[in-house]
Amino acid sequence: MSMIKLDHVTKRFDMVTTTKEKFKLLFKNQSKNVKTFTALRDVSLEIGSGEVVGLVGINGSGKSTLSNLISGIIYANEGDVEINGEVAIIAVSQGLKNVLTGRENIHLKCLMLGMDDAEIERRMPGIIDFADIGDFIDQPIKKYSSGMKSRLGFAIAVNVDADILIVDEALSVGDQTFYNRCIDKMNEFKNEGKTIIFVSHSLNQIRSFCERVIWLEYGQVKLDGTTKEVVPEYKKFLTEYKKLTKEEQHQYRRDRLKEQGAQAKPGKKNMDAEDTVKHPGWILSGISLLVLAAGSLMVIDETPSFATFTEALTKLF
Amino acid sequence: MWKEMKSIIREQVENFPLIRRLARYEIKSAHAEQRLGLLWELLNPGLQIFIYWFVFGVGLKGNRNVEGDTPFIVWLLCGIVVWFFINDALLRGSNSINSRLAMVTKMRFPMSAIPSYVILSRMYQHFAMLLIVFIVIILNGIPITWKLLQLPYYMAATYIFVYAFSLCFSTLITLVKDIQLFLQSMMRMLFYLTPILWNIERFPDVLHGVLRLNPVFYLVEGYRASLLGGAWVWQEWPTGLYFWSVTLLLFTAGTFLHIKFRKSFTELV
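Here the protein sequences come in this chain order: A and B. Mapping to full-length UniProt numbering: the first sequence position 238 is 238, numbers consecutive. Mapping to full-length UniProt numbering: the second sequence position 235 is 235, numbers consecutive.
No lab work stands behind these hints: they were computed from the structure. Ideal placement from N, C-alpha and C gives every residue a C-beta, glycine not left out. One or more of the hints may lead you astray.
Below, simulated DSS-like cross-link-like pairs (lysine-lysine); rule was C-alpha separation at most 25 Å, straight line [stated by the list, open to error]:
id, chain 1, residue 1, chain 2, residue 2
1, B, 6, B, 177
2, A, 97, B, 177
3, B, 3, B, 260
4, A, 243, A, 228
5, A, 35, A, 258
6, A, 228, A, 246
7, B, 177, B, 263
8, A, 228, A, 5
9, A, 143, A, 97
10, B, 263, A, 35
11, B, 28, A, 142
12, A, 236, A, 246
13, A, 258, A, 222
14, A, 143, B, 28
15, A, 20, B, 263
16, B, 260, B, 177
17, A, 222, A, 246
18, A, 222, A, 236
19, A, 190, A, 228
20, B, 177, B, 3
21, A, 97, B, 28
22, B, 177, A, 35
23, A, 242, A, 222
24, A, 20, B, 260
25, B, 3, A, 5
26, A, 97, B, 6
27, B, 6, A, 20
28, B, 260, A, 35
One side only, chain A facing chain B, incomplete, derived with CB under 7 Å [what the hints assert, rightly or not]:
id, residue
29, 74
30, 95
31, 128
32, 281
33, 286
34, 289
35, 295
36, 301
Assemble the whole structure, with the sequences as input and the hints as a guide.
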C-alpha cells in the first residue's frame with residue numbers, strides 16, 4: 001500500500017526580507033511581486049508501507065523541504081501530496097520550549113498531539129526511559145546539550161503512534177550508544193510495517209539501514225533506486241563535486257537549474273477550497289455598513305441635537 | 001465565506017477537549033516558577049484595583065457612592081472584573097500565534113485553536129475574580145436581582161468578541177509585528193475611554209452616543225447591569241446591535257485573514 005504519494009509537486013518559498021514586503025503580502029497574492037525560491041520542482045515519488053528510504057543530497061537540495069511537505073507542516077504550491085497515516089518528524093531543532101523542563105515539554109507536546117492526562121501519564125515513563133538523560137529531565141531545556149535535546153525529541157517522536165517516521169539529520173548529534181538504540185527502535189518500526197524516511201549526510205548510516213535511497217539535486221529527484229545502485233553513484237558525484245572550485249560549483253548549479261527549467265512539467269495548480277478563499281469584499285462592506293448604521297442609530301438615539309454637540313464638548317473642558 | 005466561517009467554528013467544537021487541556025496547562029506552567037504560584041492571578045489585579053480605588057475612589061471622589069447607594073469600590077469591581085479579562089485575553093490572544101510559531105510550526109496543529117486556548121486560560125482567573133466580586137456584593141448588603149440571569153449572556157458575548165478580535169489580529173501580528181505595540185497602547189487608552197473608573201452619568205448627554213461606539217462599553221455596562229441590577233438586555237438593543245455587528249465584522253475579517261495565511265505561517269518564522 002502506498003503511504004506517501006507525491007505527484008508533480010512544486011514548492012516555492014517567498015523571499016520576503018523586509019517588513020514592507022510582508023505587509024504587501026496582506027493585499028496581494030504571493031509569488032507575483034515577490035522574489036521566490038523554488039525548493040522543489042516537479043517531484044513525483046511514491047513510498048509504500050514498511051519501506052525504509054534514505055534521502056541524500058548536498059545542502060540546499062530540498063531534503064528538509066520534502067520531509068516538511070510529507071509531515072504536513074508546509075504545503076505544496078503545485079501538485080498533489082497524498083499521505084495515508086500519522087506522521088512524526090524528528091529534526092535537530094525540535095520546537096521544544098526552552099524555559100520548560102524536559103518533563104514539561106513531553107507533557108506539552110503530548111497535549112498538543114491531542115492526548116489526555118491519563119494517556120500522557122501512561123506514556124511518560126517510556127519516553128523518559130528512552131531519552132535516558134538522567135536528572136536533566138527536570139531541568140529546563142536551555143541547559144541541555146544539543147545531544148540531549150535531540151535524544152528527548154527522538155524519544156517523544158518514537159513513543160507516539162505514528163505510521164510514518166521522518167528522521168531529519170537528528171541522529172548525527174547522538175553518541176554511539178544512543179545511535180544504536182535508535183537503530184533498534186527503527187528496526188522495530190520497520191518490522192511493524194511502518195514507513196521510515198531517513199535524512200542523513202552519513203553514507204555509512206544510510207547504507208547500514210536503508211533499502212532504498214532517493215538522491216535529490218537542486219529540488220529534483222536525480223536518482224531513485226536501491227541502496228546498492230544509488231549510494232556509489234552519489235559518492236562518485238561527491239568526490240567530483242568536491243574537486244570543483246567554488247566558481248565551478250556555482251556554474252554547475254546554474255547549468256543544472258537551466259536544464260531542470262527546460263524539462264520540468266508544471267503540475268496542476270493547487271486549488272484547494274481553502275487556498276482560494278475569495279476576498280469577502282462585499283460581505284465585509286455589507287457588515288461595515290451595518291456597523292455604521294447601528295453606530296449612527298445609537299449616536300442619534302442618544303444625542304438630542306447635533307447643534308448642542310460642540311457646545312457640550314467645550315463645556316466639558 | 002460562510003463555509004470558511006463554519007469551518008473555523010467546527011474546529012473550535014471538535015478540538016474543545018484539546019483546547020480545555022491546553023488552557024489548563026497554560027495557566028499552570030505560567031506560574032510554575034513562582035513561590036506564590038497561582039495566587040498571583042488574584043494578587044496582581046487585586047493590587048491594581050486597590051490603587052484605582054485609592055486614587056479615584058478615596059482621593060478624587062472622597063469615597064462617594066455612585067448611582068445612589070452603591071459604594072464606589074463595588075461599582076468599580078463590577079466593571080473592572082470584565083476589563084481585566086478583556087485586556088489580558090485580547091493582548092495575549094492576539095499575540096498567541098506569533099509567540100508560538102517556533103513550536104507549532106514543527107508539528108501539525110489546528111492553528112485556529114491557539115487563540116482560543118490562550119483566551120480560555122484567562123477564563124479561570126475571571127471566574128475566580130467574579131466569585132470575589134459576589135462575596136463583596138453580598139457583604140455590602142446589595143440585593144441580588146433576577147438581572148443576574150443576564151450574566152452568562154454577557155460572559156459569552158465577551159468571549160466571542162475577544163475570540164473574533166484575536167483571530168483577526170493574531171494573523172496580522174504574525175505578518176506585521178508593530179501591531180502588537182499599537183494594540184498595547186490602544187488598550188491603555190481604551191481603559192480610560194470605557195466607563196470603568198468613571199460613571200457615564202457625569203458626562204453631558206450629547207456625548208453618551210459617542211462613548212457607546214466603543215464595543216467594550218456594552219460589555220462593561222452589561223456586567224454592571226447584571227451584578228448590580230440595571231437595565232435588561234433588550235432595553236439596550238441599539239448598543240447590542242452595534243456590538244454584535246462589530247463582532248461579526250471582526251470575525252469575518254479574522255476568518256478571511258486566518259484561512260488565507262495559515263498555510264504560510266511556517267514560512268514567516
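Check: Which of the numbered hints above does this structure break?
Finding: 1, 6, 20, 25, 26, 27, 31, 32, 33 and 34
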